[in-house]
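> Spelled out, the chains give:
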Amino acid sequence: MKRRTLLQYLAASGALAGAPQGFAFQALGPTVEVDNPLKAYPAREWEKTYLDQYRYDASFAWVCSPNCTHACRMRAFVRNGVMLRSEQNYDSHKVKDLYGNSATAAWNPRGCSNGFTFQRRVYGPNRLRYPIVRRGWKQWADDGFPELTAENHAKYKFDARGQDDFVRVTFDEAHTYVAKGLVHIAAKYSGDEGRQRLLAQGYGEEMLHHWEGAGTRTIKCRGGMGLLGVMGKYGMYRFCNALAYLDQHVRKVAPADAKAGRLWSNYTWHGDQAPGHPFVHGLQTSDCDLSDFRATKFHLHIGKNLIENKRADNHFFTECMERGAKICVIAPEYSPPASKADYWIPIRPNSDAALLLGVTKLMIDRGGYDAAFVKGFTDFPLLVRRDNLRRLRAAELFEGYHPEDMSHGASARLWRFSDDQRRKLGDFVVFDDRSKRFAPVTRDDVGDKLAQKGIDPALEGSWTVTLAGGQRVELITLFSAYKDVHLKDYDLDAVCEMTSAPKDLVLRLADDLATIKPACIHTGEGINHWFHATEVNRATYLPLMLTGNIGRPGAGGHTWAGNYKSALFQGSAETGPGLKGWVAEDPFDVNLDATADGKDIHTHAHTADEEPAYWNYGDKPLVVNTPKYGKRSFTGKTHLPTPTKAIWFTNVNLINNAKWAYEMIKNVDPKIELIVATDIELNASVEYSDVAFPATSWTELQTPEITGSCSNPFLQIWKGGMKPVYEAKDDLRILADQAKKLGELIGDSRFTDYFKFVHDGRPEVYIQRLLDASTTTRGYRYADIMAGRYGEPGAALFLFRTYPRVPFYEQVTESLPFFTPTGRLQAYNDEPEVIEYGENFIVHREGPEATPYLPNVIVSSSPLVRPDDYGIPADHLGASERQIRNLKLPWSKVKATRNPLWEKGFRFFCLTPKTRHATHSQWQVVDWQLIWNNPFGDPHRTDQRSPGVGEHSLSMNPEAARDLGLAEGDYVYVDANPADRPYVGWKPADPFYRVARLMLRLKLNPGYPYDVVMMKHAPWIATERSVKAHETRPDGRAVSEGTSYQAMFRYGSQQSVTRGWLMPMHQLDSLFHKAKGSMSLIFGGEADNHAVNTTPKETLVRITKAESGGLGGKGPWEPARSGFTPRAESLDMQAYLEGRLTTVKRG
Amino acid sequence: MTAGASRARSVARRALARPLWLRIEPEWAADVVRLALPNAPGATAEYQLEAGPLYCLPPGERPGAFARLDALWVERLGLAGVLRDAAAPFAAELGRRPLCVLRPAALLEEGADLGRYDDAPAVRLALSPRRMLAPEAALAFCTHEVAHVADMLDPSFGYDPHRPLPGTTRPERELARERFRMLWGASIDGRLRERGLPALLSLDGWHALARRAFPQGPPAGLIDALLRGRRPPHDELLARCTCEHGPAPGQPCPLCRFPTHAWGTQAEVAAAAARIAIDFPRWAPPQGACAQCLECYR
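Same order as they appear, the protein sequences are chains A and B. Residues in the first sequence are numbered consecutively from 9, following this note's numbering. Residues in the second sequence are numbered consecutively from 649, following this note's numbering.
Keep in mind that the hints were calculated from the coordinates and are not lab data. Heads up, a few of these hints could be off.
[What the hints assert, rightly or not] Far from chain B by the CB rule (all over 10 angstroms, computed), these chain A residues:
no., residue
1, Val-86
2, Asp-492
3, Asp-608
4, Lys-628
5, Lys-903
6, Lys-995
7, Arg-1005
8, Met-1007
9, Thr-1112
10, Glu-1115
[Stated by the list, open to error] Partial chain B-side listing against chain A, Cβ under 10 angstroms, derived:
no., residue
11, Trp-669
12, Cys-704
13, Gly-898
14, Gln-935
[What the hints assert, rightly or not] EDC-like, lysine to aspartate or glutamate: derived pairs with alpha carbons at most 16 angstroms apart:
no., chain 1, residue 1, chain 2, residue 2
15, A, Lys-995, B, Glu-943
16, A, Lys-995, B, Asp-927
17, A, Lys-764, A, Glu-735
Here the structure is a predicted model, which is why all the values come from computation and not from measurement. C-beta atoms are modelled at their ideal positions from N, C-alpha and C, and glycine is treated no differently.
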């Protein structure tokens, strides 16, 4: 240790301090001689330098297309080939559709600081510059892929990817390595031998259900939010479908039997979907255009933050105030949207369903509903059997029931509703108040159609009837079942106890929802990230269903979390396969005619969807050994995963954003034999991959890309306007070249043909086919759009029925069925699994972990809720058991129970919302964003404990901090259930534990309730290399040696406290709903549609002090002594807060 | 040449006649003179009288002229004497190394160190100009700091700037650094006191620092020995700075090595001791364990 080092607490050295071994006293330079200042000044030459900053040689439009849902068209300015800056293109008012319609000019301007700082990502230090291969993996390949014994596992560092280093290779070498790896894995895990291997490796029989003998089914491909770039990102799924050739090569099977890889989802895995939506209306998700806010009169905002997380278009929300709409915000914390609200209802996290059920009860009891809408469009009038809790089917009641011909009805005509589907679902029964008789209704009998039949269904009533088979059963309308039975558990007093919400505000909310039209409810990942999000989502629809606030401008229940809507390129019988024509063109019937209409493309998906949440759960489904029934799978067959042996993902920070990431790195990924990442930056996923390809960014694209959004009507095509930086290539080029290399390796030129128009330099052929084949774009010509025929080169409007887009407009205005079994908005689900889980009615359930009460308990005393507990004792603490245990208790008993974890001191709900300064993990380490993204941003890194020029922080209530002896700026540990976090089997002696345990800075914020802490999600996690760097580099930066990876934590990450959960309600085979990409209806699982959503908020944490916040860990953090921070306010600050600084003289 | 310029050059020549082994950074001298002048009756007017003509010099010559004038005034105000007095007791160790005084980049960077000036070895003293307003305290500080350099130059001390701090983690190393600062400083003050030279802190002051650096108590008798003038060599001092992993707030847990303020209770540690010992055979219950580690061995 040098004396200088000793003297410094911190090496914030100035010029003199920086030269300990040599210094010279500097003399001042000569000043300018000026004889006559008036003659010489003003010298304006210096201004030229300033003005020249904005000089540019050229500009080009590009689309900023992260997963923020906005897809803003920006304009970049280039000088000497370098992109200097970007600004809004300000073109929304010009863009038209095929028929000359335009969207509102109020969309202008679009874009946010992400787009403005994009050049710092393009040229940033974290850029992935060239293809790389992990040294150990390369050696394994070079050695001929020897068997991965325990010894070889260690030798090739499959169990220590984070400690290995990378070798720079050419693209050709990288493609060759990947091709060899895929061929090896496909062969190794095919056939009987493959089966024995997989079973020997510990995979259960369930994991082989969709394996079907093909090793290719162990290859998982994920195009990161494919809609963000339909060619390059969704193109990954096209590549995956081409693996059918590989399977044919390996197993010598006929084309029809060839199996390709599995397609990993995005939307659901991000936890962005509102999983309850398909239960209520059958659609993947309901989202209107954000400009529809202008039509609303009551905006209910639940657990959402449109202010911070919809930056480009959040003005539509704030304009609600100007336009006279009333705003109510429900959230645990006093959030940015709460500050805009007429009233804010603070709520205990994870109790929203209870609040909404209470509001529903108040509305029903006070008659605050639209009876005509309820009768016409909801399932409230349908009859339910009290014996088996199923809806009464017409065939059960009416002897010799002859189903009405529905072949000309909307279901069959528009949605290909098949006879087989109808047989499974049956028709339903209402009590007709007009005829005083029971009447059958089909799923087409909605709205006016029901009236045309002369049926006026009773909303209330119960009957005892004899069924056609002679059985006596009791019947009740769903409305009566809710009103007279189910909602008795959710009276105002109980609900306010459950939720901590103030009574007067709950009453006010019920009044507003009942009386103001149009009213809308906006939710988001805030409530979707809980285990029982399904129930909350369903509950949000109850007030809307009662009041007819669906399918009308300014109404509806929407979410906008994630740009998921592949249905923007929806297929139909009239137009062709839509997106499927691109991602699932039949590899054995490829159309090589560049002039072919997209409608004529033949499709065959040899792939199968898979939800990566199973990988994220230890690469297994939810199979539990129950005391009552023995081993039982709670993962429906349509959802079952296969073993994961290879992953290739693009444009997704898969490992960084994996809940329970350190469990993945430590215990799951070592079993995976090839991990390939394509990205523009060297992020944590690349740090833990085997091969990585550098991709071009949106401004560098050499081939056209196309996108759309769930929140606006803009159809956008663009190319970059600058040369690729370093060796980056377009995603699509990388995919096509990889396919070609695979073909070369196994001697199959079909791989090349499958991407023929990419190789021919005409990828726009595929875009034209997509436009041809989709209901929303048919009629558009690629060349016309690029020529600006629709107002702005590259832009047009999707062909929506309305601008703004209003979901279910057709259903309500034209009396068309919703996408549910009943054709109605459903407040009730009678799928056998749902009844078994006790969620046939919409209920409030405590979370399996994030609750002070008995985990996973159903709050109900209703005899119409009859869950199965599978014999699992109430005090069982196993995570799997807690997930499936269905216990029902009334609130009076629930409130006397205690969660053992809570009792152990894990007493903080941990909210993990999006930050305003990044889009998930993108932009997180851009220096400017990192500086202003947190209270600890410091470009000088005065405190060298900071991992970078900023770091992640945890927000906490000041009183809670005081009680824990914590001060603002302290470093704290955030620990979750030690049974399995940060990873299963952690031990203090394991060096990896040092990487995985979360430590971060504390920020006090009185806006958070006592039991709630908050840290923004998706910062770049600490990795083995970053921790090593932080602990050994003289400057303490957490920048990995060799990769330049920059962590935002000293230790651990947000994912240290999360874990994988597999909600039984997300894994049904029986749920009937709309297919996401076509005008058709399906049962069971579909990726991003009905599949497991991840739920990162389902955790309780314990906070303990690590280090003091002052420099060098001594004393308090200096800004906390400024007098302007919570709990340390100066007298002046107190006076300001109390309004004493200003006095108003009256009179 | 104007009369004013001639007078200025005369002033500069007088400044150059001063001893060369004290080198003062012009900015430091300027700051010190401007701070000290108001405390010396009549000095400000005299200074201005001498400074005024310097503005008549060609611009390129002015900085040097002001530097020389300020150096002269550092002498006149008696402040250079403070510096010489501080260095004088260590003339043998310093040899021909000039004492170079300059402003610290920040207050925390005050102190003496080895350096180079004109490509020759020198002693570098970063000193806040404001400190010179209290000459006695400044003398004590400078003496103490120069004594550090004298130790560094003394072969029997065995100073090695590349010797690493004990500890495997940043917090451990930071704690060790604080301890080393304290122990070395106490040793120097002890020796200064033995020689009748001004000491930096009182004995109570050093004991207070020792309690802060060693919350569980400093090594028995060490502080007293140091304050009596004992001087262990560099490596021995460092060895006394090792973290003992005792259950004190902010100290690293002996198991996970994370600093902790949440130690397990004795009963909790005892209950888990046998299981901990399997993974950590050299661990003993008195070392304690943090609450989070105990979760693993519960």
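> Next step is simple, just say for each hint if it's right about the structure.
Verification of the supplied hints:
1. Val-86: 40 angstroms, holds
2. Asp-492: 48 angstroms, holds
3. Asp-608: Answer for Asp-608(A): holds, closest chain B Cβ roughly 62 angstroms.
4. Lys-628: Given that every Cβ of chain B is farther than 10 angstroms from that of Lys-628(A), nearest at about 24 angstroms, it holds.
5. Lys-903: 28 angstroms, holds
6. Lys-995: Given a closest Cβ separation of 6 angstroms, the condition is violated.
7. Arg-1005: 7 angstroms, violated
8. Met-1007: At about 7 angstroms from chain B, Met-1007(A) fails to clear the 10 angstroms cut-off, so the statement is violated.
9. Thr-1112: Given that some Cβ of chain B is not farther than 10 angstroms from that of Thr-1112(A), nearest at about 4 angstroms, it is violated.
10. Glu-1115: 6 angstroms, violated
11. Trp-669: This hint is violated: Trp-669(B) lies away from chain A, its Cβ roughly 15 angstroms from the closest one there, beyond 10 angstroms.
12. Cys-704: Check failed: Cβ of Cys-704(B) comes no nearer than 13 angstroms to chain A, outside 10 angstroms.
13. Gly-898: 7 angstroms, holds
14. Gln-935: This hint is violated: Gln-935(B) lies away from chain A, its Cβ roughly 13 angstroms from the closest one there, beyond 10 angstroms.
15. Lys-995(A) with Glu-943(B): 10 angstroms, holds
16. Lys-995(A) with Asp-927(B): 9 angstroms, holds
17. Lys-764(A) with Glu-735(A): 23 angstroms, violated
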